[in-house]
Every structure is written in structure tokens, then in C-alpha cells.
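S.K.: Chains as they are written, first to last, in numbering that gives the first Met the number 0: chain F, 0 to 325; chain B, 0 to 377.
Just so you know, these hints were derived from the structure itself, not from any lab.
Every value quoted in this text rests on a predicted model; they were computed, and no experiment measured them.
Be aware that a few hints might be false.
[Stated by the list, open to error] Interface residues of chain B toward chain F, partial, derived using beta-carbon atoms under 7 Å: (1) Ile15; (2) Gly17; (3) Ala24; (4) Glu272; (5) Cys277; (6) Leu303; (7) Pro306.
A virtual CB, placed ideally from N, CA and C, is assigned to each residue, including glycine.
Chain by chain, the residues:
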Amino acid sequence: MNAPLLSVRDLKVHFPIRVGGVLQGRYKQLKAVDGVSFDLMPGETLGIVGESGCGKSTMGRAVLQLIKPTQGQVIWLGQDLAKLGAKQMRAKRQDMQIIFQDPLACLNPRITVGDIIAEPLRTFHPDMTSAEAKSRVQKLMQQVGLHPNMINRYPHEFSGGQCQRIGIARAMIVEPRLIVCDEPVSALDVSIQAQIINLLRDLQQRFQLSLIFISHDLSVVRHISHRIMVVYLGKVMEVADRDALYTHPRHPYTKALISAVPLPDPDQERAKQRIVLSGDLPSPLNPPPGCVFASRCPIRTELCATTPPVLEERSTDHHAACHHSE
Amino acid sequence: MTTVSQFEQTVPGGEIKGRSLWADAWARLRSNRAAVAGAIVLAIIGLASLFGPMLSPHDVGQVYRSYIKVPASTTAYPREAEIPDLLKTALRRSRADITSLDVDGDLVTLTLTAEREIDPRITRSVERNADFTNVQIIETSPDGLSLTMQMEVTRSYFLFGTDANGRDLLTRTLFGGRISLMIGLLATFVSLIIGVTYGATAGFIGGRVDSVMMRIVDVLYSIPFMFFVILLMVFFGRNIILMFVAVGAVEWLDMARIVRGQTLSIKRREFIEAAHACGVSTTAIIRRHIVPNTLGPVVVYMTLLVPKVILLESFLSFLGLGVQEPMTSWGVLISEGANNIVEAPWMLIFPATFLALTLFAFNFVGDGLRDALDPKDR
Ligand SMILES: Nc1ncnc2c1ncn2[C@@H]1O[C@H](COP(=O)(O)OP(=O)(O)OP(=O)(O)O)[C@@H](O)[C@H]1O
Ligand code: SF4
Ligand SMILES: [Mg+2]
């Protein structure tokens, strides 16, 4: 097996949050990401799935050093990114791009779409002529399904889905080796979702692109991911190859998520046993002392309330963090 | 590529021109009547102040001793009925009597008689009054006891009347506007430069640097402004440049706070993070992404700051701390007018009207700009 493009080791992002009154307030750590590790191979897609607020976006940003990780390492081709100076890190960004979750907010409202998409080109290829940059922008706009004659328009003149394509084009223009896709299709309707996913898959095959594909929806990641990681409250619950995860989920949370995905066949759908999770996500400021999932787990025991389970390999390349998984 | 084909046929032809947020704001501003009216008034007052004193027949400092505090009027001075009095005053010491006086347009024919022979140098005493020029003796009686003179009357218009020194108020009002507007614009410019630099630096660096910089602003805020200006005047003497430096140096505090707040909020916006992710350097982020997005509120604040400064200058001048003679400003003129309010109300009315109009116009334009640039309308 060849070397991973990216290795994340025990990544933690804690936000200091002020709690209490104005005078006696103190800081508490909000553990948005709490000890996540994974490897990503060239050309591989890792799907990250979890509920809203479980720290997926924070994880993606910390991997790209857009948020400074509190602890842990992000190793890019053998090099720890946290140890790089600002300038060296900037140079590395040519190879790692991100598609943001909020399609409109990530575009500067005062500059044209052409300039937005060309921005990485301008920074990484300052000697490129503007005519060449423009033709590349137009070509890419066509590839993501935007008409090239919209190049002089401004972001507020586009729909959410079109803005998302602009963000995708911006991430792809410098032909990076890794794109973190933070819910790139949740703002789009289903037919366009498929188009965008096909587009990303296409590019992946052509350029050996690696993807970290974040979504709250298991059915979306299924099509594109090679491996899937399920996270809950900043911690990894289960990681496995896509098919293994879907056919033999080992963690009760994954099982619940899978059972919530509607099946195409109505008979199967009716016969299926749905696991409905009761209760809400606990506050990340006060995570349960034992297993973070204990408050909603249908098979919890007393052990779960006191001792946090560790992420262990249950079968080849299939890891789960649960005291009672088979 | 499968996804592409459907888009390729849709819109044929050239590129579509987008409408930037600036263009949108401009269109909205133009459709705001109050703002447009304000802008027109400002343009008129600005042009009049700039060129009016040059075009005016009266010099700013020119004193007409015979027309002290004459009321505003559209007819020319001297009026026909006043000519005999003027001539009498001029000839008071010559011991000659006016026997006939004939005014024909600008031409005055005058016959004098006296008991002793009239000295022809009498023309000089007439000419000493600046209203009469070209005084000529056209006929002298053989015994020299009677003399006919012809002269031209200079007619002067004082549309706004004259002040207590006999100077044309229109010229002085326009000239005062020049000074007031100049102080307003320059002081605003000074505060813009200092405030934007300071505020953007504090906001972008953030953290402890930001706290220290903003506490300095708080401390400066607590210094009483009048006290500060009086101290400056005492140390450096009364001086117009010092004046706007003082005003600008105080007014930048607000600008710095506004720009800092803007920078802080924009710094957290996702497109700044996106720029970081694209490897854009810090200076380019400030230049390309932050500054253009702070400009809206800054422009609005500027249009509201200019009238504020003008008012401040007027206030200082009113107290006698501002602009000094022979320079003048609206504040100085209003202060003089207030001292003569009973016998010469026009001395107050005209400069005060100009000041009020300007303040109104600036505020209308500022409000219009604020509405036009409001991001909620996006
Ligand atoms: N800058 C921040 N300061 C403090 N807390 C933050 C910050 N960013 C995120 N958080 C907190 O971290 C947690 C994880 O946020 P994150 O945006 O990563 O969630 P997410 O999984 O992407 O959710 P969603 O699916 O809704 O996008 C949330 O509880 C959020 O409140
Ligand atoms: S450790 Fe216990 S609470 Fe946690 S998922 Fe497993 S069974 Fe449920
Ligand atoms: Mg998110």
C-alpha cells in the first residue's frame, strides 16, 4: 500500500466559551472536535457523517489549518502542517482547497464571479496573463454547469445552487490534490446534487483527487465515498469501508442513521425496523462522562454511563467505539 | 461531460454585465428624491462658494463707508433720492450751495453757487466719495461764483445688504462658505485617514493590540473638546490650519470605532476564510476583501461628519475661537449677525440660511446613502 496523502492524529479543537454572568464568568472548553484520527489515500474519498453541530465543519477547517487545532497533528505527505510558518502554509494551500457549507457567505459580495473563481489562480500563478486566466475560468464554469457569459456578474445575482457551483469552481481551478467538501450539495435540489457528485467523481478519476466529503445525510455520502466515518459530538463512532458500514453497521448510532434512510421499495420500507433516537444531542459544553452517545443509546448499560469506549478494530479496517457492539 | 450540454445552448452571445452592489446603491440613491435634491443644493452652494467671490464685483474686504448696514435689496445703491444727500455730505466743507441737480441714468449734472469764487479743485472732494467718478467741470460762470459739474454715479448692488463695516454681505457669505466647507472637508479627510488606518489595524490584528488601541481612543474621548481647543489656541495662537487639525484630530475617534467594528465583523465572514483558504496574503485580504466592504458605512459617516464639523467650526467661531478677520466663515458671520440682530437682521438671516441649507443637504445625502448602501436590501 502506498503512503497516505493526509494523516490526522488525535485532532482536537476546543473553543473557549464564556459561561456564567458578566462578573463571575469563566471559560469552559467546548470540545467541537475531540480526538479524531484518520488516514486519507490519494484518490480516496472519505465521507464524514453526523448530526448538525457535531463538529464536522470544524474538523474540515482544522484539517486545512483554517482553525488552529488545539491539539493533534495534521500530517500532509509526511509533514506536520501545524509546524509550518504562515508563508509556507500559504504555498501548500494550492494543493488543498475547501468548498464551504454556506454558498453565498463564502463569496465576497463586491467582486465579480470571474474574479472570485480566478482568485486562487492569481495567488498561485501570478505570472499568468489575465486572458489565459479568464479562459480557464470560463472553461471551468462550463464544467460545473454555469454559463460562461455570467463571468461578470456578482454573487447576489445567483441562486444558492449557482453560488455553490461558483464555490466548487473556485476550489477546483488550481487542480488541488485534496478538496474538503463541506456539505457541498445540501443547498441543491436532488437532480443537481447528482450532477455535482458526478462532477466531483469525474474530477477525482481524472486528477487522482482526494476528497473529504462532509454531509449529514448518509445516502448522499454513499454514492461518492470509499470509506465513511460516523461522528457524534466531536468523537468518531465508527469508521469502515462503505459497503461494510452499510451492510454490517456495528455501532448503535450508525444503525439508527441507516434505519432512518428511506428505502426505494415500499414493501421493504414498511417491513424495516426503524430505530428512533429519543432526546437531543447533549450540549458539547457538558458531554456525558462515559460514552457520549449514552443518553440516546437503545442498548446502553451502566458501564456506558461511566467509562468512555475506545475506537477499536472489530474486523479488518472496521473500527467502532462501543462497549456492546458485536 | 454529461452535465454541460444543457447549458451550452442556453444564452447565446456576449457576456452579461453584472450589477455590482455599488451600481445598485447608486441606482437607489438616484431614485431618492431628497438625496438628489440635497446633492443639487450642495453642488450649487459649493460652486457658488468656490467661484462666487471671484465673480462678485465687490472684493471681500472692500469697505463702502457710505453704505454701512444697508438692507438687502435688488435695486442698486445709491438710490436716486439719496444722491443729493450724498453730494451734500461730500460738499459740506466747500461752502457752496447746490442750485440745480439733474440725474439722468448714471449721469449727474450739478450746478453750484457760492458767495466767493469756487475753486475748481472742488471736484476732488466729490471724487473722494467712491460712488462718483469722472467728475468734470463743464461750465464756469464768468465771475466764477457758479459752476456746473458732470459726473458718473457708480451703482452697486448689495443683494444681501452690507455688514457693520459696509462690506458686501453676499460676497462675504460666499467667501465664508468657502472657508466653512473647506474646514469641513479637510477635517473630515484628516479624520478619515487617521480613523480608517487606526480602526482597520486594531480590528484586523485584534486581541490585546485591539484592546489597547481602543482604550486609547476611550481615553481621548474623555478629554473635553472645548478645553482641548482652547488650550491649542492659547499655545499656538489662533490659526485656521490648527483649527481643522484640532477638529479632525478629535473627530477621527468615531471613525476609528466604526471602521474597527466593521473590520471585526467582516473579518469573521466566511469569504475572508475562503480567501485564506485560497492562499491570499494578509495585505491582499485587507485590500481586496476587507476595505471595499467597510467603505459603505464610512462613506455614510463622512457625509454626516462634514456638517458636524462645519457646525463645530461655526460654534468655535461664534465663541471667537475660530476663524479670524479678515478671513470669515459662516460661524463668524452668524456671530456678527447675532450682535446686530435688531438693526440689521439680514446680517444673521443670510449666513444662517446658507449654513442651515448646507447642513440639511448633507444630512439628506447622508440618509440617502445610508438607505442606498443598506445591505438588507440586497
Ligand atoms: N468559532 C466557534 N466558536 C465557538 N464555538 C464554535 C465555533 N465554531 C463552531 N462552534 C461550535 O462547535 C460545534 C460544532 O460546530 P460545526 O460547525 O463544526 O458543526 P457541523 O457538524 O458542521 O454542523 P452543521 O451540520 O450544522 O454544519 C457547535 O456546537 C458549534 O456551536
Ligand atoms: S458504548 Fe454503550 S452507550 Fe455507547 S454506543 Fe455502545 S452501547 Fe451505546
Ligand atoms: Mg457544518
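S.K.: If a hint holds in the structure, say so; if it does not, say that too.
M.R.: Here's how the hints hold up against the structure:
no.	hint	result
1	Ile15	holds, 5 Å
2	Gly17	holds, 3 Å
3	Ala24	violated, 11 Å
4	Glu272	holds, 6 Å
5	Cys277	holds, 4 Å
6	Leu303	violated, 23 Å
7	Pro306	violated, 28 Å
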